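Student: Spelled out from the first residue to the last, the chains are:
Number of protein chains: 2
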Amino acid sequence: MQVVDRIALLRKELDAARAAGRVVGLVPTMGYLHEGRASLVRRAAAECKVVAVTVFVNPLQFGAGEDLEGYPRDLERDTALAAGAGAGIVFTPPVEEMYPEPVATAVHVAGVSEGMEGDSRPSHFDGVATVVAKLFAIAGPCRAYFGEKDFQQLVVVRRMARDLSFPVEVIGCATVREPDGLALSSRNVYLGPDERRAAAVLHRALVRGAALVEGGERGRDTVLRRIVATIAGEPLAELDYAEVVAADDLRPVDPLRGDVRLLVAARIGKARLIDNVGVSC
Amino acid sequence: MQVVDRIALLRKELDAARAAGRVVGLVPTMGYLHEGRASLVRRAAAECKVVAVTVFVNPLQFGAGEDLEGYPRDLERDTALAAGAGAGIVFTPPVEEMYPEPVATAVHVAGVSEGMEGDSRPSHFDGVATVVAKLFAIAGPCRAYFGEKDFQQLVVVRRMARDLSFPVEVIGCATVREPDGLALSSRNVYLGPDERRAAAVLHRALVRGAALVEGGERGRDTVLRRIVATIAGEPLAELDYAEVVAADDLRPVDPLRGDVRLLVAARIGKARLIDNVGVSC
Chain P
1 MQVVDRIALL
11 RKELDAARAA
21 GRVVGLVPTM
31 GYLHEGRASL
41 VRRAAAECKV
51 VAVTVFVNPL
61 QFGAGEDLEG
71 YPRDLERDTA
81 LAAGAGAGIV
91 FTPPVEEMYP
101 EPVATAVHVA
111 GVSEGMEGDS
121 RPSHFDGVAT
131 VVAKLFAIAG
141 PCRAYFGEKD
151 FQQLVVVRRM
161 ARDLSFPVEV
171 IGCATVREPD
181 GLALSSRNVY
191 LGPDERRAAA
201 VLHRALVRGA
211 ALVEGGERGR
221 DTVLRRIVAT
231 IAGEPLAELD
241 YAEVVAADDL
251 RPVDPLRGDV
261 RLLVAARIGK
271 ARLIDNVGVS
281 C
Chain G
1001 MQVVDRIALL
1011 RKELDAARAA
1021 GRVVGLVPTM
1031 GYLHEGRASL
1041 VRRAAAECKV
1051 VAVTVFVNPL
1061 QFGAGEDLEG
1071 YPRDLERDTA
1081 LAAGAGAGIV
1091 FTPPVEEMYP
1101 EPVATAVHVA
1111 GVSEGMEGDS
1121 RPSHFDGVAT
1131 VVAKLFAIAG
1141 PCRAYFGEKD
1151 FQQLVVVRRM
1161 ARDLSFPVEV
1171 IGCATVREPD
1181 GLALSSRNVY
1191 LGPDERRAAA
1201 VLHRALVRGA
1211 ALVEGGERGR
1221 DTVLRRIVAT
1231 IAGEPLAELD
1241 YAEVVAADDL
1251 RPVDPLRGDV
1261 RLLVAARIGK
1271 ARLIDNVGVS
1281 C
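Protein chains in written order, with the numbering used here: chain P, 1 to 281; chain G, 1001 to 1281.
Source of the hints: derived by calculation from the structure; they are not laboratory data.
A couple of the hints might just be wrong.
To be verified - Derived DSSO-like pairs (lysine-lysine); straight-line CA-CA distance at most 27 Å:
#, chain 1, residue 1, chain 2, residue 2
1, G, Lys1049, P, Lys12
2, G, Lys1049, G, Lys1012
3, G, Lys1012, P, Lys49
4, G, Lys1012, P, Lys12
Predicted model only: the values in this text are computed from it and were never measured.
Make the full structure from the sequences, and use the hints.
Tutor: See the structure below:
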């Protein structure tokens, strides 16, 4: 496996792969890979001949007061994990390589970047859309893998790629979960034992909401109430938001129809956790 | 020469050209080609094996009250002119091909898009940066040719391409002028005979300002005053703005040093004309 820290070299490698007829897979990450992110790499490796994992803690997507400096980094472990999952290239550009001068250009995706995480973290999705546009421009034609865990991010990236006609197929990958349903997240380490047990309530609430829909319920408020009530039944959890929206544009849909996404965010102790599930009707 | 109106087909043609080792040239235009724009195509044809001219009247860069519907179109003439200048492909996508759904994504270039034309036409450069990013994403690795006549646009596009790491070399081409110095522009047809004679004052003012700098003057205000006074000496001309800025970031520079750009905009009769020249010191 190759570790590359220059834009020009990554581009050269991926151009050469395509010229040899190989499909390129791209897995953009901020590093600190866990089993959830490794599953993206494995999926990419199963579907693409050459897989590049990018490891870049993107300053643009951290707001004022968010802990950019403290974001966990472990490049050696990430490289080993990526290699084990089938990556051929790990792209680890220093900040000066990605942003040699203050970035004047911002990519903004209206609509889908608003509400939910967009409300909690203003300008976060501009930072995401901008760095992903840059990574797509660097990588060239490819399949790019993103986790459904960050569902709003996936929708923002997909919309950006479509609007700007990047030759990139954006692929959402199912969330990897613990046996009790808790979505894998680097934030789970902040949970004490009781909090860890309590955290399963997010997925439980979503599954109950989805079960209502599968059982024929089409009222958005009824489904929302079930989710909210389930979270409220767990004293250690403090709900941030619950949403029931159309999966493609994240707009509230009532009565429910088509591909619907149920999303929650909640604080448990020091950790702010998010999760979502999909249901069709 | 090939006329292509589908994104996928243009991409396929340009990918095939690159796979055959040919350098691709791109000349983005809104059509209604004149000799100035034809000179971009000739330059591209001299430097690239395959030249694609895009003809697309981009709704995103027209503000409220600007005449999108009335923008002049003559595709047959454009196609003939592009072919005569050496284009191999003319890309003429309908609006539904470029924007099949309302565009949620906007590319904004801070700093260089502010002031001058950015003040007169709010959101204009967002529309330009967005459509050019999309054209770059469609075209892939290439050399892209823009006229220096729209100098601020050139700087905005160059900065966008650099910030987002598009594999595109943005090339500015010298302004083509009438014998009396008037820059070629589709707006020159709005000028009556007296106005046409008066319009030469823009270039004359810029040349006088540049001559001061070449003669050793380093005071920004002195150069500005010379430009403003020259325009004021022409009763038919009404100055909109005059600027003396650094050529790379369009910031006022005082005392003058490095690559400096002198820019003016003025109304003459119904026409609003812009022009600029460069000088180094």
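Student: All the hints need checking, so say for each whether the structure fits it.
Tutor: Here's how the hints hold up against the structure:
1. Pair hint G/Lys1049 plus P/Lys12 holds up; C-alpha atoms about 21 Å apart against a cutoff of 27 Å.
2. For a cut-off of 27 Å, the pair hint linking G/Lys1049 to G/Lys1012 stands: about 16 Å separates their Cα positions.
3. The suggested pairing of G/Lys1012 with P/Lys49 holds, with an alpha-carbon distance near 21 Å, which does not exceed 27 Å.
4. Our distance criterion of 27 Å between C-alpha atoms is met by G/Lys1012 and P/Lys12, whose separation comes to about 20 Å.
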